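2 protein chains.
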Amino acid sequence: MECNDYNITRDLERKNLNLNPLQRGGVLPREAREALHDFGDGYSVCDYCSGRLDEIAKPSISGFLEDLSKFLKVDDVRTTHGARESKFIVMHSICEPGDVIVVDGNAHYTTHLAAERAGLEIIEVPNSRYPEFRVDMDVYEETLKNSIDEYGEIKLAVLTHVDGDYGNLTDAKSFGNFCNKLNVPSLLNCAYSMGRLPIDANGWNIDFVVGSGHKSMAASGPIGVLGMKHEWAETLLKRSPRHTKKEIEMLGCTSRGAPIATLMASLPHVVSRVNNWNEEVELSRSFVAKLEEIEGITQLGIRPTNHDLVRFDTPILHEISKIHPRKGFFLYEELKSRNIVGIKRGQTEWFKCSTYGMSKDQRDYITDSFKEIVEKFAK
Amino acid sequence: MECNDYNITRDLERKNLNLNPLQRGGVLPREAREALHDFGDGYSVCDYCSGRLDEIAKPSISGFLEDLSKFLKVDDVRTTHGARESKFIVMHSICEPGDVIVVDGNAHYTTHLAAERAGLEIIEVPNSRYPEFRVDMDVYEETLKNSIDEYGEIKLAVLTHVDGDYGNLTDAKSFGNFCNKLNVPSLLNCAYSMGRLPIDANGWNIDFVVGSGHKSMAASGPIGVLGMKHEWAETLLKRSPRHTKKEIEMLGCTSRGAPIATLMASLPHVVSRVNNWNEEVELSRSFVAKLEEIEGITQLGIRPTNHDLVRFDTPILHEISKIHPRKGFFLYEELKSRNIVGIKRGQTEWFKCSTYGMSKDQRDYITDSFKEIVEKFAK
Ligand SMILES: Cc1ncc(COP(=O)(O)O)c(C=O)c1O
Ligand SMILES: Cc1ncc(COP(=O)(O)O)c(C=O)c1O
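Order-wise, the sequence lines are chains G and U.
Residue 379 is where the first sequence ends in the numbering used here, and the numbering goes up by one at each step.
Residue 1379 is where the second sequence ends in the numbering used here, and the numbering goes up by one at each step.
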């Protein structure tokens, strides 16, 4: 048979400044590119396996997991295929179909899908609505208490540490503590935080932390992280009665290939970048301040921002789209001609973006470009 | 914190002839190495996503899935994280905990784990035992009928197309047909066949076919394939009521990174190598014949073999290990010194191996090396 041409090339990231928040934390550092090259083939990490992925000594997956658990301050840790797969593992192993869980109102769609796949009912904690969309811990605690009153038992409480819509950072420690007090297992979704900012699972009293290697840990996708308090290991990491080395929820082995090699190679880089998180937030804030110098561009979410992912209301861009011959496409095209990408084609009323990891000059080039575009077209 | 040294290098495949059957079908061709390079970063395939991984147009995942379904002669197809994850998706979506399924006696441990994770009971079809370990379709059909009599309903019948212990090829067409007649959904595990030999899912009347990209389709792991008759799509690919584009069992998106780019890049190569399968089997048979020239080495499983994975009883090597100063390690070390790897350290009573994709000269070098080693040490 003749195959279609799949157009399998990508130079978007090499040739442009990419504002897509999804892509900023997954860019591979040099060490990870080398690992990708060495571990490209099939089951490359399995050469010296004697039955347990997490115990492989060459490359030292066991040594890596030890470091990872220290880094996250968590008792036990495994790699999975992604944050969503980690969430599903938790829900599938500690809940029964029909059970009720509580989830914050800024949860990622994958939290909802994991719950739907596990047959669970979701109670939602409302956010504070426009313009902050904040998830308040008082509101969460109250919703959780009411849910316990109503349903008798709540099997899991999920909090998005940093959400993907507004980049709002939530109060994990308060969450961990009231969940613990109310005897409800807590899951913190760190897809947008683990690998960007410090995680202290035990310090925050969190039962389960999940992370995303390709989203925030400079790894090649798909790969996720699942950390847990030791008391959960017996349930989540239960072994097969028939194949006694193999963990059932992991289907024996999870990330058996290049992604785990890149996650491992990136860990030292990630550990060190997390130490510079405050500077990153400063850069993000000054990026926001500069964009907001344009009249008709306003940051939504908590102010000042505590994250690199920021969302803007951009009525001025929408105004321009109404009079511009290229309509809603003008913004994408003007940015593209300046080698800036990552804002969806046709979108002008609002956008979210991230400049994570960019230099100050690159960020200034981006804000200057926005200014130039608005000046060029605004009446 | 200081990270451990994880020793993240691999030149095993580059510098040696690797007999490990797990590794032979996952070696990347040049095109896939290029895709790996281009799509190394994080969520690299997601630049132009508008909500559905399987519908992405750049790179053309949609065009690829169209070709893949033609290649497998199956109605609908998705990528997953591996053969085991595909099996779990099928079991989780069409069975309920407590249901009974029938599985062949040569099933891979991941079939058992997928069933255990889904809470299913397994009835096993015995194989024919030493020396062939054949799974006969008459025996399968009888076991299936008896199980229906005993349990009322059998929710799924699983057959390993080519097993990982003996490389026995089973009769998929006969299996598909009697399952259909008995009204039991059939799943064919093609982890060791899809990408090596032709698959004709619809021609064989099979409900579900699963494959492994890193095992047999020249892809970087982890990535799997799940094909199904169209009548199952509504159940398996059910969309979320809340996020109406997203398929629940896929948790929205599965292989969101480099592995799918390599699988796509490799497909034309894989399509063409499957056409040469008969030659591959001939080469495997002559490899077996040459090794069997050594007294005390005998192939197990169906003879002549129909696959590149072959298992040998090797009493002569075990005899040598009893008198050799390096004991059971002698074989590994002698082979290693000849740049031949992939047989476990310490193993001498039997081994399985594959020379898939090697040239005739390379295969001859390997059989000659075994002869040399045996001659050197046998009394
Ligand atoms: C908050 C949040 N959680 C989870 C995910 C999903 O991560 P993964 O691809 O690792 O499942 C995302 C991805 O966008 C996210 O933003
Ligand atoms: C017969 C068979 N099925 C399934 C698997 C697992 O494949 P995957 O890693 O894609 O889950 C293997 C791997 O060894 C196998 O030999």
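No lab work stands behind these hints: they were computed from the structure.
Take the hints with a grain of salt, since some may be wrong.
As the list claims (entries may be wrong) - Residues on chain U that point at chain G, a partial pick, calculated with CB under 7 Å:
(1) I1008
(2) V1027
(3) R1030
(4) T1235
(5) H1243
Stated by the list, open to error - Simulated coverage check for chain U against chain G, where a stretch passes if three residues somewhere in it have a Cβ under 8 Å from a Cβ of chain G:
(6) 1009-1020
(7) 1040-1048
(8) 1052-1060
(9) 1113-1125
(10) 1197-1203
(11) 1264-1277
(12) 1307-1318
Said to hold, decoys possible - The calculated EDC-like cross-link candidates involving lysine to aspartate or glutamate, where the alpha carbons are at most 16 Å apart (straight line), are:
(13) U:K1015 / G:D38
(14) U:K1073 / G:D38
(15) G:K73 / U:D1005
Remember, predicted model here, so these are calculated numbers, not experimental data.
Even glycine gets a Cβ: it sits at the ideal position worked out from N, Cα and C.
Here is how each hint holds up against the structure:
no., hint, verdict
1, I1008, "5 Å, holds"
2, V1027, "5 Å, holds"
3, R1030, "11 Å, violated"
4, T1235, "13 Å, violated"
5, H1243, "5 Å, holds"
6, 1009-1020, "holds (count 6)"
7, 1040-1048, "holds (count 7)"
8, 1052-1060, "holds (count 3)"
9, 1113-1125, "holds (count 4)"
10, 1197-1203, "violated (count 0)"
11, 1264-1277, "holds (count 5)"
12, 1307-1318, "violated (count 0)"
13, U:K1015 / G:D38, "12 Å, holds"
14, U:K1073 / G:D38, "34 Å, violated"
15, G:K73 / U:D1005, "20 Å, violated"
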